[in-house]
Structure formats: C-alpha cells, structure tokens
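Participant: Spelled out from the first residue to the last, the chains are:
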Amino acid sequence: MAALITHSPILIIAIPLAAAFLTPLIGMASKKARNALVVVSLTFVVFLVFALARDVVINGIHVYTLGAASPDLSIPTGFMVPVRIILEVDGMSAFFGIIWAIVSLAAAIYSLSHIASETGQTRFYTLLLLMVTGGFGMMFTGDLFNLFVFLEIASISGGALIAFRTKFADTQEGGFKYIVVSAIAGLMVLFATGILYAQYNSLNIAFLAQAIQDNYTALDTIALALLLIAFAMKTGMVPLHLWFPDAYSVAPASITGMLVITSHACMYAAFRVCFTLYGGMPDAPVVGWILIVIGLLTMFVGVTMAVFQKDVMRFMSYHAISQLGYMWLGVGVGLAVLGNPALVNPGGWGREAVSGGIFHILNHAMYKPLLFFTGGALFHYTGTRDLTKMGGLAHKMKWTTILYIIGTLSISGIPPLNGFSSKILIYESVYQFHPILTITGIVVSILTLASFTKAFHSAFMGAELPEYKGVKEVPRSMLIAMGILAAGIVFITLFPSLIVDSTIHPAADALIHQETYITAVMGVAP
Amino acid sequence: MTSILESGYPYWNPIIWIIVFLIVMIVVYFFRRRGQKGYKKDTAQAQIFLCGEEVPEAEQRHIRVGNIYWGFFETLKEYYNQILRPHTGIINDYILWFVAVTAISVIILLIAGLAK
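Chains as they are written, first to last, in the working numbering: chain A, 916 to 1441; chain B, 11 to 126.
Keep in mind the hints are simulated off the structure, nothing from the lab.
Note that CB positions come from ideal geometry on N, CA and C, so glycine has one too.
Treat the hints with care, as some may be off.
[What the hints assert, rightly or not] Across the chosen pairs, the derived CB separations fall in these ranges:
| hint | chain 1 | residue 1 | chain 2 | residue 2 | range |
| --- | --- | --- | --- | --- | --- |
| 1 | B | Asn-23 | A | Ala-951 | 36 to 46 Å |
| 2 | B | Asn-23 | A | Pro-1197 | 35 to 45 Å |
| 3 | A | Arg-1391 | B | Ile-36 | 52 to 62 Å |
| 4 | B | Leu-32 | A | Ser-1417 | 24 to 34 Å |
| 5 | A | Ile-1354 | B | Gly-45 | 54 to 64 Å |
| 6 | A | Ala-1402 | B | Asn-77 | 35 to 45 Å |
| 7 | B | Asn-23 | A | Asn-1255 | 28 to 38 Å |
Isolated chain B, as found in the complex (with noise of 0.2 Å):
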C-alpha cells in the first residue's frame, strides 16, 4: 500500500485518519441538527451582550497581532531579553558569530581527534 507508512513501530495511514475524520464530521453534523430551531439571524438574539456596556464596530472589535500572547511573553520576559541580545541587525556581529562557532568546532574536532 502506497499509504502506509512503516517507521519500525506502529504504522501510520493518512486513509484511515481522513475516514476517521469524515465520520466525526458527521457525527458532529447530526448532533448541529438536532440543535435549537429558534435562532433568528439579524435580530437582537444574536447581537453581542458586554455587560450592558457598548459594544464596538466591528472592525474596532479586531483583536491585533500585539495583544495575542501577551502572557506567554510576560512570563518569557527575560528569555527574550537575552534571545533578541545578538539580534543587532549589524552584519559585523553577524560574521563575529561566524568566526567564534567555526573556531570552535575546529577545537571540538580537533580534541575529539586527538582522544581517538
């Protein structure tokens, strides 16, 4: 079977999963019908309720790219202080990395050689 793939342990079979998949679906599809029949599009029933507070247009309701996250880099504060350090945007320190990782592989290699 062109499907299967054998790694040595259990196999994996994208066929199988997408019929997995489709039957979910399905299941998931009968129990929505089987929803409520009362819901009238366009009236107050599916406006948003914010507390009784005013609730923005639409497009001012746009959560930006700044505010998803937030959290996780609080918490990760000080990891990215030091992670964004060598991020100077100058080729200079660019080629300064070059130069220190190739020297020290060479010295990595050079014991690992010598220990041989």
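Only chain A is shown next, with the shape it has when bound in the complex (with noise of 0.2 Å):
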C-alpha cells in the first residue's frame, strides 16, 4: 500500500491514459469490455486519489520526480537546480483531483446510456480518457511547460468531444469555437512560459516563484497578465466568456459536466500562478482587485444572461459562467489581502474568503454538472433543449425532477443545501472586505433561485403534453451517475465542517503559504 501512494501521482495520470490507449483494442473485441475497462479505471483512480489525499493531509506535501533514483529526490546530487519531470501534489491538487475523479466517473457512468445509440462510442471513450489525463496532468505538475502539454490534452480532446455529435450542426460550431479559443489560451500560456524561461532557465513552478521573488522583473509582469488572463478566458470569466455558452450547449451533458470541471482545472492554474508563482510579489493586491472586479461581473452578466435563456443548456451554461464568480470573488479578496499574516492565517476573514472561494468550487463541482445531466435527461426523450416546447415532464420523470431539484436548491445557496454553506463562507469574509461584496452575491442568488424557478416551471410543471405522452424515466446508468453527485450534494450538506476541516482548509492554506511549495522542492533555504 505505501508503494501504491508513493508511485500514485503518476499511476493517477498513466492509468486512465492506459486506458485511453487499450480502449480501441478492447473496442474491436467487445462493447461490454470496453466500457467495464472505463468504469473499473476510473473508479480505481478515484480510490487513488482519495489514499493520495489522505497521505497528503497526514505528511505534507507529496513531490514525485519522474526519472531520478527516488522519487522524492527533485534535485539531483550536484545540481542547485530541479532538472527533472516533477509532480508535486499538495492540498490544492489533492482538493481539485478529488473533485476530478468523482466527476469523470460520474460523467463515464452516463455516458454509458446516454450515447448508446451514436456511432464512433468507442473513439468518444478514448477521448474522455484523455481528457481525464489531462486534468489530472494540470492538476499534479510542477512545472509550467508540462502544465501547458497537459492543458492542450485537456483542450483537444474536449473540443473533439464537444463536437462529438456530428449530426447536429451546432456542434461542429461549439467544438470548432472551443478549439480555437483553447489554442489561443495555450498559445499564451507557452508564450508567458517562453519569457519566463528566458529569463531564468527553468520550467519548474517552485524553483521559478523563488527566482521571480528574488528578480522581479517588468517581464514577469507581463508574462502574469498573459497566464491570468489565458486561464481566465479557459474559465469563462466575463467578458471572456462569450464562447462559453456556444461550447457547453451543443456537448453531450456528460461531457458538458467534464467541461464545468475543466473550468475548474484552468481556476486551478489561475490560482497557482497568482498565489504560488507570483504569491510573494507586490502586485498580489493588484491581481486580487482585478479578480474581485472581473469576479462580481461574471456573477452579475452570468446570472442576467441565464434569466433570459429559452435553450436549457445554454441556460445552464450562463449559470455555470455566473457561479464561477463567487469563487473568482472570494480568491480574489483573499489575494487581495494576502500581505496582511493576520488576516490570511487560521482565524482571519482572508483566509475564510479563500476558504469560501475554494469550497463553492466543491459544490459547484457536484451541483452543476448534476443539472447539466438532468438538461442532458430532458434532452434525451424529448430531443430538443427549447424549453419553450417543454412541459408536464414531472408526471413521467420523477427521478429527473427530484434530482433537478436538489441541484436547483444547492446552487441557488438555500439552506440547508450544500451551496448555502459555501455561499455563507463567501457572504461573511468579503462583507469584512466591502459590503457591497457580499450584496451583490446575494442579489445574484435570489436572481439564481428565480431562473431555475423559470426553467423548472416550464420543463417539468404544467399538464401533461400530448407530443410527450411516450416519455419515460432515463436509463438506469444516467440515474447513478446524478444520484453519485447529489449523493455528494448531500454528504456536503450534513458534514460541512468535516469537509472544510479536511480538505478545505489544507487547500487554502496550501495556496496562501507559497514557502511550503517551494521548500518541498527547493528544501529549505541556506
């Protein structure tokens, strides 16, 4: 079992890229093998990540050097520098890949009847695979250029998913949209890892960030805007977020639910950059404003878009968009005070922002791609997402329109559902920071509450509709993958403070202290 959690950040990555590779070999054998080689992968993956999380938390820093006698030795004997592949896992990773298994495993298991009847399944499960790969690779890397390679498997393979459904036109759009801003995200990244390597000869995050503290160039100011704003874009951050709604709306839900998350791996590089690689500079309060800025916008022009939405995915999408603004919002003003000790250590409202920030990414994990799978459920039977044409689907769906309701109460934060939790986190910290903060949030979740009611009202109250009389209930796969994740919108909800105790906490402590990433890999300083 200890050789199992040593290797785990690299099984993590090569097992489900393993699988990528075996699954058009199996493919051609059986349908059957095919999909239990998915399934069994990834729920062994999420039974790694969960060991990995739990050693993290109990040891500290987890570091894997690929290559070197010992795994643990990221500077090679008469070297000053790390040179080579390193992995390095602390509690954010462990937080952001816990939230990355539960969800591909989800996402797989729907997958498994929600497109058995489209051609090319096969190829879709390779995909999925590698996309799995590449968030966990963006997650675990410790230097910037694998982080780069990483985010374009991630990229690729969801454009290619997105664009799955070649019979519908919209989703060659969707996917060909998704490429191209993906490629111009990346284009950026490796250009800001271009000027940063010039400058000091090194790709690796830790032994950057020390360098950039102690040569804090005009350069490096530039290659942070051009890393923030690459990855915010990735996110959908407003006004950025323009190809958001046209990418999530024409994917197969299962594969919008992976793209919620993928949103969440490019927060997770926005975030590294601004606390691990520029954490220690002056210009962390700047960059917490521009996030507290850019932050309440995404909540506000999210949530007034989705209102106006009659297409259930692109409804769902301008949601998405909007909840990733409470959690731009309270990062933000964490970075924002990150030069006060008193405010960002244990008892301090800084770090409870973070805190709150991080555990509505959580939620927003387990909620969001819930909904998108009941919008997937709707489209199922129904065949199309105008909510317009819908109505009276409660009577033939119950299951749907319970699960769509607990997803609807979590992300509109109404107590005692897991979102209010995350949601007072948020209220409580950015109120000590300005008032209107916490305002505006609550103004976007009554606006929150009131557009599922809209959507709810219409998809699933009402008579029933002659033209759906022959509806039925989703297949049984569909139904685990959405009770897996409401499963998890209810754990949450009974158990916050174990939650924010055991991951939470290590997580913000593990972006707001930047010393102890670097000292994993540097070791301490002379």
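Two chains, two frames, a set of hints: combine them into the complex.
Facilitator: As structure tokens, this is what we get:
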C-alpha cells in the first residue's frame, strides 16, 4: 500500500492514459469489456486519489520526481536546480484531484446510456479518458511546460468531444469555437512560459517562484497577465465568456459536466499562478482587485443572461459562468489581503474568503454537472433543448425532477443545501472587505433561484403535453451517475465542517503559504 | 461536531435547520388536517372558474418560458439591449475581447508596478 501511495501521482495520470490507448483495442473485441475498462479504471483512480489526498493531509506535500533514483529526490546530487519532470501534490492539487476523479467517474457512467445510440462510442471513451489524463496532469504537475502540455491534451480532447455528435450542425460550430479559444489560450500560456524560461532557465514552478521573488522584472508582469487572462478565458470569466455557452450547450451532457470541471482545472492553474508563482510579489493586491472586479461582473452578467435564455443547456451554461464569479470573488479577496498575515492566517477573514471560494468550487462540481445531466436527460427523451417546447415532464420523469430540484436548491444557496454553506463563508468574509460584495452575491443568488424556478416551471410543471406522452424516465446508468453527484451534495450538506476542516482549509493554506510549496522541491534555504 | 460550520461569526448547523424544518412541516400538516372535509374530487366543486369564460384544456393552459418574467425583461430592456451586443456569436469578436482584456491587464499591472 505504501508503494502504491508513493507512486500514486504518476499512476493517477498514467492509468487513464493507458486505458485510453487500450479502449480502441478492447472495443474491437467487445463493447461491454470496453465500457467495463473505462468504469473500472476510473473507479481505481478515484480510490488512488482519495488515498493520495489522505496522505497529503497527514504527511504534507507529496513530491514525485520522474526518472530519479528516488521519487522524492527533486534536485539531483551535484545540481542546484531541479532538472527532471516533477509532480507536486499539495492540499490544493489533492482537492482538485478529488473533484476531477468523482465527476469523471460520474460522467463515464452517465455516458453508458446517454451515448448508447451514437456511432463512434470507442472514440468517445478514448477522448474522455485522454481528457481525464489532461486534467489530472494539470493539477499534479510541478512545471509550467507540462502544465501547457496537459492543458492542450484536455483542450483538444474536449473540443473533439463537444463536436462528437456530428449529426447536429451546431456541435461542429461549438467544437470549432472551443478549439480556437483553447488554442489561443494555450499559445499565451506557452508564450508566458517562454518569457519565464528565457529569464530563469527553468520551467519548475517552485524554482521560478523563488527566482521571481529574488529578481522581479517587467517581463514577469507581462507573463503574469498572459497566464492569468489565458486561464481566465478558459474558465469563462466575463467578458471572455462569450464562447462558453456556444460550446457547452451543444456537447453531450456528460461532456458538459467534464467541461465544467475543466473550467475548475483552469481556475486551479490561475490560482497556482497568482498565489504560488507570484504570491510573494507586490502585485498580488492589484491582481486580487482585478479578480474581485471581474468576479462581480461574472456573477451578475452570467445570471442576468441566464434568466433570459430559452435553451435549457445555454441557460445552465450561463449559470455555470455566474457561479464561477463567486469563486473568483472569494479567492480574489484573499489575494488582495495576502500581504496581511493576520488576515490570511487561521482565524482571519482573508483565509475564510479563500476557503469559501474553494469550497464553492467543490459544491459547484457536484451540483452543476448534476444540473447539466438533468438537462441532458430532458434532451435524451424530448429531442429538444428548447424550453418553450417543454412542459409537464415531471409526470413521467419523477427521479429526474427530484434530482433537478436538489441541484436547483443547491445552486441557489437555499439552506440547508451545500451551496448555502460555501456562500455563507464567502458572504461573511468578503463583507469585511466591502459590504457591496456580499450584497451583490445575495442579489445574484436570488436571481439564480428565480431563473431556475422559471426553467423548472417550463420543463417539469403543468399538465402532461400530448407530444411527450411516450416519454419515460431515463435509463438506470444515467440515474446512477446523477445519484452519485446528488449523494455528494447530501453528504456535503450534512457535514460541511468535516469537509472544510479535512480538505478546504488544507487547500486554502496550500495556496496562501507559497513558501511551503517552494521548500518541498527546493529544500530549506541555506 | 462534523456538521457545525464555523466561520468566526454565528455558526451554521444544517442538522438544526433540518430539525426545525421538520417541526414546521409537522405543524403545517396538523393545520391541514383540521381543514374543510367537504372537498369532493372530480366534481364541479374542483373545476376552475375563469369569470364565466370557457377554460382551455389542461395542456393548453401551460405557461411557456417566453411568457414568464415579462415585466422583469421589459423593465431591464435597455440593460439587455446593451449586454446582448457583444454576444455576436463570431469567434473573431471573442478573440478581440481577449486581446483587449489582456492589454488592459498588462497596463494596469505595469502601472501598479511602477507606482511601487
């Protein structure tokens, strides 16, 4: 077991990658065996991620050096700098890893029925596993170039999956837009990486963070802006969100769930850049303010655009954008006060703001894919995403209706659901920074509830419509996938403190205390 | 307690909330039980009265999404006219926004750096 945990960072990346290459081979022999391979490999990865996260909470940062005599030998004997590829898993990486693992498994199980009538299923699962590989790589890598490589893997496979249902014209358009936006963002990340490499001759994040602290230049500022805005565009931050509903609304629902957590992966990368790479810089409060302003814009524009929508998946896409604003807001406030140790150490509201933002990511990763899955369930039987054509579906889709209500109450921050727990952390802490932030958050929550009520009434309520007489509840695998996420919501709802103490605070502390991340690779400064 | 979430202010406990909610539900049920017993299902007593007008069939009475929150959209018409303008659906415009936001961020950060 100890060896398994030691090698778990690379195994978590390698297992879905190996499964991706095996899928076409096994798929030629048997579809059932192929599906079993996908589900079993992802289930094993979930187990590994939880074991690794537990180890990180107990024993601290897990450094894994590829090709070294010992995995923890980050700097070879006789060298002053790390030269090998390093995976570095701290509380923040482990936290995002858990989210990525759970939602990936749910998406794979959901897909078993959701795409059962489509052609090219083997290619679908291969791309899905590659996407999973890319996400884990982004979260666990300790160097900037590999971050770019894994971002590209996730983006290219994501773009192909958006365009998977080739019988619909809008899927091709959505996939094209996603690929173009991802390529531009990826190129900017590569450009920024080049700027830093040209100055410091290294790609290792810990080494670069230390070097930037010692010798901060205007070029570093340009690299910071490029990295931040590139990742922000990939998350769908207003006003760079325009591509987001075009792409998210046309993908198969299981992939939309994956795209939501891809946004989280890019948010992770942005946080890593702001806190770990540039955390000790005098620019941190300015960057914090940028995140706060853009967070407010994202929340408000996202929700007002959502109320306006008549396409169920576009409606949910705009809500996904709006909820991302809460995360930017919480973490942005924490970044703005990062220079004040009293506020970001345990007990300080700066730390609670970061914790609230991170906690909201976990909650969002549970209720948003669940809501997208219910949207996919509606499309599965009605064949339309147009809410104006729907009505009375609760008569036939009782489980889907209940799961939709759970997701709705959670996203709207209605007590006692988990969305309320993270929102109250954000509200109470950002209020100390400025009350208008909390007021905006509450207004956005009210609008969220109003718009979900509108969609609920349109799709589920009313008399049974004659055109949907033949509609029935979705297949079991889709219900199981939605049930996994709903169970996650219920668990977090009942035990918020357990979640905050065991995963959220370690993740927030990992972000706030940049020196711990640097020391894990570079060792203690002489 | 794994349920009590403390943020340095009044704490949040979902278990207490659920217990209170259940008590309220029991009280509501109690009052409902004391209501009128004379209700007869599927009789004229249960039919909709629409000022004497003919009531449409159940499936035609469903209020579709386009008719909900009409007043809200009418009031915020100007806001929506402005906010919909950038949503062109054209990828070139999207990238233009990216260039503009990146340029503004670089300028803000460089000026902030110079100020320090």
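Participant: Which numbered hints does this structure break?
Facilitator: When the structure is compared with the hints, numbers 3, 5 turn out to be violated.
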